[in-house]
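Novice: Listed below are the residues making up each chain.
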Amino acid sequence: MSQPASLTWLAGHEFRLGWRDWVSLMTAGGRTRARNATVALILFAVFMHVFAYWTVASYADANLASDTAALVGITGTLVLSWSLLLSQAMESVTRAFYSRSDLDLILTSPASARKVFAVRMGRIAAAAVAIAVLLAAPFINVLAMLGGSRWLAAYGVVAAMGAVATAAALALTIALFRIVGAKRTRLIAQVVAAVIGAAFVIGLQIAAIFSAGSISRFAALHSNWMLLHAPDTGSGFWWPARAMLGDYVALAGVVTFGFGLLCASITLFSRRFGEHAVRAAGVSAATVRQRRWSPGFRRRAPGRVLRHKEWALLQRDPWLISQTLMQVLYLIPPALLLWVTFGDRNGSYVVLIPVVVMAAGQLAGGLAWLSISGEDAPDLVATAPITSHRVLWAKVEAVIGMVAVIFAPIVAMLTLDAVFAGIVCALGILSAAAAATVIQLCFRVQARRSQFRRRQTSSRLATFAEAFSSIAWAATTALASAGTWAALGTAAIAFAILAGVWLISPSRA
Amino acid sequence: MNLQNHPVALALRGVSKRFDRLAVDALDLTVYGGEFYALVGPNGAGKTTTLRMVVGLLRPDTGSICIEGIDALSDPVAAKQITAWLSDEPMIYDKLTPYEYLEFVAGLWRIEPTAAEARARELIGWLGLEPHAHERCEGFSKGMRQKVALAGALVHDPKLIILDEPLTGLDAGTARQVKNVLRERVRAGGTVIMTTHILEVAERMADRIGVIAGGRLIAEGTLDDLRRQTGKTATSLEDTFLTLVAEQVAAA
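Here the protein sequences line up with chains A and B, keeping their order. Our numbering numbers the first residue of the first sequence as 1 and each following residue consecutively. Our numbering numbers the first residue of the second sequence as 1001 and each following residue consecutively.
Only chain A is shown next, with the shape it has when bound in the complex (with noise of 0.2 Å):
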């Protein structure tokens, strides 16, 4: 048994409160929910295996003989999941900074600071090399069976990639605390985290367009321009790569280039965490004074009045505008593709509605969520004398509002271009929309706003349903844009899907 406050006693302890908080999560407590929490685990790496084998059974037989392109294809698709795995370090970074759940215990205790912070960051590092390793699991799985051992490779890269992002996260955090300060960097480290996440995939569909008018994040991977600038094969910066394919020597590298990079910055970092997070617990909100939207209380509808109480929230909490409006992020590049082949009707809008759709989808289910679920005043409201049927409609009134202002331009533009194109998309837009604000209204829970980001944790049935009725959704379209009745079939799954989840959702019960 290890010495108390000794490095690995903290280590256990740190492993003993992440382990509970991780069953907590899938299981919610309940005997019967682990039972279904470790079904549905195993359905999940099921479906996950079977959409590896979909996706990369093609790629099985690249070998460390492989072209420029295949080393290509390869390194763009680390870089864009190392891009994403900084996008969530980056968040694991900026909670443990600014959670004061044990922060008075621990510096008020003789224990070392420096060593409990060192512990704190190897478990951010240990869980996000994890969830790497379990999410990259069925594609390394399927390409090692159809491809050989040698693929197996792949997982330490993978945990290298894990452990390169964690340090970044925290050099990057640690500069901000730097740069901007205490308080300022909350805010501003999740608006990072959360542009990283969507940078390199929009970034790609950008280059895309402009190199091959398709809106295919590959497209630019495989480009002659990206192949003619591309490093010689020899070069270390395939080492990655290289090691995926089974070079082992290159394995070693890069496994000893990531961890030997964490542990750098551990031990670099450990004492400035620990500054930085008694900086951060100190800091209160700033005093914002504001301006009056009018020199006196004006006569409003309650169901105004709520209307318009959410979308001021919404307005004044850029964390929150951050979240939520990622999704129109994503709609950078449909609306650039629409912009370049305004006017060709070359039948890009097949591929450009459903993403249109599917991002609307996704944007309504958070502000859904905001504004049914995240009501900061639930007894106030509650206690009013208004009928709840009232209070709900004027919610879903502020989420269709809002998503209708977002896409109103593009739909606008579609419809100049195309008038069928225009009304298959609009069409689409409020289906997705009001699906996924039907799913949030079915399974709505009482909670804070700023607990935002742990709805898709709250109820699972709830994230997947949401995320299959957008998918659904945007299916149709693709199919009504195509003019084929097909579209009848997918929009039937999608009305399916809201028939499922109203006889499951516990709001019925």
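These are computed hints drawn from the structure, not numbers from a lab. Heads up, the beta-carbon is just placed ideally off N, CA and C, and yes, glycines get one too. One or more hints might be untrue.
Computed spacing ranges between beta-carbons, pair by pair [claimed, not checked]: (1) B/1247 with A/3: 52 to 58 Å; (2) B/1247 with A/42: 54 to 60 Å; (3) B/1183 with A/181: 54 to 60 Å; (4) B/1064 with A/42: 38 to 44 Å; (5) A/450 with B/1078: 31 to 37 Å; (6) B/1172 with A/408: 50 to 56 Å; (7) A/409 with B/1121: 39 to 45 Å; (8) B/1183 with A/378: 28 to 34 Å; (9) B/1007 with A/20: 53 to 59 Å; (10) A/13 with B/1121: 52 to 58 Å; (11) B/1172 with A/304: 39 to 45 Å; (12) A/191 with B/1064: 40 to 46 Å.
Assemble chain B onto chain A, guided by the hints.
Specialist: Positioned in the frame of chain A, the structure of chain B alone reads:
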């Protein structure tokens, strides 16, 4: 104060509520107009559940609730129009200013804007919130948040104000301000029902005190009435309360 001549502000008859155990057990309670009524009881006695049923946040399993002659279960909107609720944890919107919050509440209660604004300014003044009236609530202390929530509860001029532990966590100055506002409210003819663990507050402020334990009203009346019920005179409310609760526990 002869309360029997006053109209009934709140009447609960046979109200029960069960969660995983019986929280409120066939409770009968009458509060008269213009009365300051304190509901005291040990933790888990059913005080908050009772009040949450009165304001429409929970629906009772059985029984009836009548507010100022309005059946709160069959016509909740009319009952809510004349009722205000303030919980121990002030729930306000961080991104709104107190002024905007009061405008929002007045809008929900459909109060005429000119009258609502005058009332809001008056409340902001009473509660000493003027310097912060146009600052967002996100940086406010608990006391200030409680004051904003109290102003919200009063801006629509309710006949019945129901408060759950309104003084918990407040400093002496803020607590006094809140008590003064409530007293003023009662003087103006309003009815106040308040739960509290601070027995001294109940003793000093309330016209009548109800002692609730195990979901039932085990004693009710003025402090003297309660003392008589325990058979001990010249004891504090704390002693009286502990005796009553101990008797209830022994009887159960």
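Novice: Determine for every hint whether it applies to the structure shown.
Specialist: Now the hints, each set against the structure:
The given range of 52 to 58 Å is respected by residue 1247 of chain B and residue 3 of chain A, whose C-beta atoms sit roughly 54 Å from each other. For the hinted restraint 54 to 60 Å between residue 1247 of chain B and residue 42 of chain A, the CB-CB distance of approximately 57 Å keeps it satisfied. Against the hinted window of 54 to 60 Å, the Cβ-Cβ separation of residue 1183 of chain B and residue 181 of chain A comes to about 46 Å, which falls outside the hint. Taking 38 to 44 Å as the suggested C-beta distance range, the pair residue 1064 of chain B and residue 42 of chain A does not conform, at roughly 51 Å.
Range check, residue 450 of chain A to residue 1078 of chain B: about 35 Å between beta-carbon atoms, so the 31 to 37 Å window is met. Restraint check, residue 1172 of chain B to residue 408 of chain A: a C-beta distance of roughly 55 Å satisfies the suggested window 50 to 56 Å. Take residue 409 of chain A and residue 1121 of chain B: their Cβ atoms lie about 42 Å apart, and the range 39 to 45 Å holds. Between residue 1183 of chain B and residue 378 of chain A the CB atoms are about 29 Å apart, so this pair conforms to the stated range of 28 to 34 Å.
Judged by the Cβ atoms, the range 53 to 59 Å given for residue 1007 of chain B and residue 20 of chain A holds: they are separated by roughly 55 Å. Separated by about 54 Å at the C-beta atoms, residue 13 of chain A and residue 1121 of chain B satisfy the suggested range of 52 to 58 Å. With their beta carbons about 41 Å apart, residue 1172 of chain B and residue 304 of chain A fall inside the hinted range of 39 to 45 Å. For the pair residue 191 of chain A and residue 1064 of chain B, the supplied restraint of 40 to 46 Å is violated, since their beta-carbon distance comes to about 53 Å.
Violated hints, listed in ascending order, are 3, 4 and 12; each of the other numbered hints is respected by the structure.
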